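A.B. asks: Each chain is listed here by its residues.
Number of protein chains: 2
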Amino acid sequence: MTHRPPLHTGRRRFLTASLATGGAMATAGLLPAAARAATPDPLITEVQPWASGFGDGVDAHPYGLPTEHEGDVIRRTVSWLTADTISSINFTPIHALDGTITPQGCAFERHHSGAIDLAKPDYRLMINGMVERPLVFTYDDLERFPRRTMTCFLECAANTGMEWAGAQLNGAQFTHGMIHNMEYTGVPLRLLLEEAGVKPEATWVMAEGADASSNARSFPIEKMLDDVLVAFKANGEALRKEHGYPVRLVVPGWEGNMWIKWLRRIEVADAPWESREETSKYTDTLANGTSRKWTWVMDAKSVVTSPSPQSPIRHGAGPLVITGLAWSGRGAIKQVDVTVDGGRTWQTARLEPQSNPLALHRFYLDHQWDGSDMLIQSRAMDATGYVQPTKDALRAIRGLNSVYHNNGIQTWLVKANGEAENVEIS
Amino acid sequence: MTHRPPLHTGRRRFLTASLATGGAMATAGLLPAAARAATPDPLITEVQPWASGFGDGVDAHPYGLPTEHEGDVIRRTVSWLTADTISSINFTPIHALDGTITPQGCAFERHHSGAIDLAKPDYRLMINGMVERPLVFTYDDLERFPRRTMTCFLECAANTGMEWAGAQLNGAQFTHGMIHNMEYTGVPLRLLLEEAGVKPEATWVMAEGADASSNARSFPIEKMLDDVLVAFKANGEALRKEHGYPVRLVVPGWEGNMWIKWLRRIEVADAPWESREETSKYTDTLANGTSRKWTWVMDAKSVVTSPSPQSPIRHGAGPLVITGLAWSGRGAIKQVDVTVDGGRTWQTARLEPQSNPLALHRFYLDHQWDGSDMLIQSRAMDATGYVQPTKDALRAIRGLNSVYHNNGIQTWLVKANGEAENVEIS
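Just so you know, the protein sequences line up as chains A and B, in that order.
Residues in the first sequence are numbered consecutively from 1, following the numbering used here.
Residues in the second sequence are numbered consecutively from 1, following the numbering used here.
Treat the hints as calculated values from the structure; they're not laboratory data.
Take these hints with a grain of salt, some might be off.
When the alpha-carbon atoms are kept at most 27 angstroms apart in a straight line, the in silico DSSO-like pairs for lysine-lysine are as follows [what the hints assert, rightly or not]:
1) A:Lys293 / A:Lys223
2) B:Lys334 / B:Lys223
3) A:Lys415 / B:Lys120
4) B:Lys415 / A:Lys120
5) A:Lys293 / A:Lys281
6) A:Lys199 / A:Lys223
Covered stretches of chain A (in silico footprint by chain B; criterion: 3 or more residues with CB under 8 angstroms from a CB of chain B, positions within the stretch not fixed) [what the hints assert, rightly or not]:
7) 40–50
8) 91–101
9) 146–154
Owing to the predicted nature of the structure, the values given are computational and were not obtained by experimental measurement.
For each residue, glycine too, the CB sits at the ideal point set by N, CA and C.
Assemble the whole structure, with the sequences as input and the hints as a guide.
C.D. replies: What follows is the structure, given as structure tokens:
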């Protein structure tokens with residue numbers, strides 16, 4: 001704190017640099033801040049009501065909610081997507097968020113038979129099958145085991161699935177909003193399995209939820225002994241009802257339907273279950289009619305969240321922050337490149353540091369917009385060297401029958417008036 | 001994923017190891033899980049209502065709240081602490097949280113004249129004083145500057161202040177709950193100051209809030225050009241009204257009253273303001289009646305959040321997770337030691353990795369409790385090598401006149417019945 005960093009007084013200033021493109025700025029109705037200073041502004045020169053009275057006291061909201069001014073930053077549904085709202089999905093408003101943490105309140109939900117109410121005293125977790133000692137744990141039992149805290153993304157296998165056949169949905173919330181990212185606290189499943197004593201011949205573990213759908217998935221035992229958590233906290237507080245309260249599985253890097261909510265049972269075996277959710281669902285049917293199965297890991301992917309159809313540019317040419325999210329189930333994101341000309345030229349975005357490789361990463365590109373149409377894309381590369389493919393490259397290998405695992409590059413057409421559309425380019 | 005980690009089937013198991021101390025377990029009414037498996041449990045053997053009907057659909061809660069079962073995890077006030085609730089404070093329920101992120105909904109509030117309602121279209125930020133170009137920014141202007149995202153703790157200077165005179169408040173929420181930790185997104189203030197053009201003779205910067213209290217503080221310009229953010233997002237979404245919506249200052253590592261909420265003005269000068277909030281408040285009066293001032297940085301500190309008076313042990317002897325938070329405004333936490341015998345012996349706790357040194361750190365100690373009384377303390381060491389002092393060591397230097405900057409070691413007496421009390425030991 002004794003060193004004063006050099007001031008960049010000679011550098012090109014951000015907003016005043018825009019004066020050179022004043023025409024486009026005027027089109028959007030925005031005066032550069034440097035010019036505005038010369039204009040009397042009653043919000044500056046006059047005492048405002050919020051500066052002359054009292055606000056809410058500290059007893060007003062024991063548990064607070066967002067201000068009413070942010071009333072549009074909510075989970076949204078697509079009415080035609082499913083037959084009912086019980087076995088359905090909604091979407092995180094990623095176009096309106098920044099940073100990496102997803103608040104629980106607006107983190108997307110996917111239920112197979114609705115979000116159930118299960119109190120901690122009624123909670124039980126059974127471990128059975130190929131173990132030395134079948135066990136039943138209460139919630140209080142789980143709190144006695146060593147804990148870990150880690151931040152992980154959860155992406156639904158169907159995220160971006162409606163885009164296989166071309167640009168379908170006009171907004172990042174709807175194309176890429178089946179994702180959230182929270183800091184989880186829980187017990188490594190490995191410790192519970194060791195408590196039960198896994199028999200040497202065991203090779204698979206099945207996890208099952210307590211809701212009526214009995215959502216159940218099979219896992220190779222290696223994953224369950226590696227980084228899987230039996231989690232009871234998210235973003236510091238208890239899980240929300242819709243995210244599996246009181247206990248869910250956290251399966252870092254793997255598709256969301258495997259993160260079993262309201263976790264009630266772990267069975268150890270020497271073969272997979274071939275449950276409904278891994279035969280009729282969550283397989284990837286290829287062009288020749290055969291299906292890929294056990295496609296658990298979410299490949300590297302990214303999306304520009306702003307500007308985007310629900311987050312248009314509200315100013316003219318000049319400085320523009322292009323930002324988005326990148327993630328991979330196979331390791332940390334090492335680089336994100338952004339293009340504004342449909343892939344002819346790319347610039348490397350800034351990435352914020354992350355404490356866990358399997359968390360969402362936030363990227364920023366500080367761009368000088370010339371005010372003309374842009375074709376904006378982002379392209380992520382993960383620690384394995386894998387580079388996010390184009391949608392056409394994916395289709396060439398997987399065909400058009402898939403619903404799941406579309407990690408192709410997304411394109412937004414951003415027009416001179418600042419509005420954006422979901423488009424495809426070849 | 002092809003490597004199967006070795007199974008520790010021979011290691012001492014956690015819960016069954018407790019059988020050796022079965023008397024204490026029975027005292028607390030908890031059977032070890034391994035024994036419970038032999039007892040028919042209707043929650044396992046019978047179909048439960050939540051497994052035989054539908055739960056909430058995905059359109060039930062566009063913005064969700066905690067389940068009613070967690071209704072006690074809220075901000076709380078202490079009625080005798082202040083004359084009214086407008087210029088007052090409440091407390092984060094840190095005893096009931098885990099991990100490091102504090103949800104905005106239960107993150108403590110401190111207002112000097114209440115939480116005001118200020119909409120984005122009405123928001124202005126002025127930069128004036130010793131600058132080449134006085135500027136006024138709208139909210140939309142701020143969104144055009146390069147952004148950073150970082151996680152930081154905010155601690156009120158008065159946190160733990162009531163403990164100067166001895167053990168006062170029975171719960172970590174009340175002794176240490178004037179703290180929260182969020183992931184912030186905003187514009188480095190440095191960029192806005194560069195836009196205005198800081199004159200060479202400037203040495204201080206003042207920041208002022210838009211509420212009626214006009215909370216204002218002076219900062220050495222070096223800090224303002226270093227890591228201070230003009231922030232508009234917390235934990236991914238917009239700031240809440242009570243935390244300064246739409247824009248607040250983030251001052252990593254420094255006391256909370258300097259994180260100006262509803263930020264309306266930045267003035268550049270060659271001397272400090274000596275505002276009310278840095279003369280009559282937020283100075284540390286010593287035993288001889290003189291006061292320390294400019295005590296901006298929060299020193300290394302820690303507290304055990306569980307077990308604690310509001311988070312008693314609900315089981316008998318055997319495995320016990322001791323957990324808490326540690327932080328320092330001077331650099332990352334390098335080590336946290338925990339004692340259960342009032343400081344005679346110490347064990348080093350596990351620390352979870354953190355993306356930012358000036359964020360809260362979570363520590364865990366996995367302890368085999370013998371079922372007798374414990375005097376539990378934690379002691380943090382930061383990257384500078386500074387070690388958190390005892391309260392007595394602090395009092396020897398600072399006397400008993402202080403309200404602020406009590407970072408002394410906290411003691412909980414945890415009794416054989418699992419209940420805990422705030423005590424002092426010498």
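A.B. asks: Could you run down the list of hints and mark each one as holding or not?
C.D. replies: Against the structure, the hints:
Distance hint between Lys293 (chain A) and Lys223 (chain A) is fulfilled; the C-alpha atoms sit about 17 angstroms from each other, no more than 27 angstroms. For the suggested pair Lys334 (chain B) and Lys223 (chain B), the alpha carbons sit about 23 angstroms apart, so the restraint of at most 27 angstroms is met. Restraint check for Lys415 (chain A) and Lys120 (chain B): satisfied, since their Cα atoms lie roughly 25 angstroms apart, inside the 27 angstroms limit. Annotation: proposed proximity of Lys415 (chain B) to Lys120 (chain A) holds, straight-line Cα distance about 25 angstroms (limit 27 angstroms).
Pair hint Lys293 (chain A) plus Lys281 (chain A) holds up; C-alpha atoms about 10 angstroms apart against a cutoff of 27 angstroms. Taking the CA atoms of Lys199 (chain A) and Lys223 (chain A), the gap is about 16 angstroms. The hint holds against a cut of 27 angstroms. Taking a C-beta to C-beta cut-off of 8 angstroms, the stretch 40–50 of chain A contributes 5 residues in contact with chain B, enough for the three needed, and the coverage statement holds. A count of 6 residues in the stretch 91–101 of chain A with a Cβ less than 8 angstroms from any Cβ of chain B is obtained; the coverage claim is therefore met, three being the minimum.
Under a criterion of three residues with beta carbons nearer than 8 angstroms to beta carbons of chain B, the stated coverage of the stretch 146–154 of chain A is upheld, 5 such residues being counted.
Hint violations for this structure: none, all hints satisfied.
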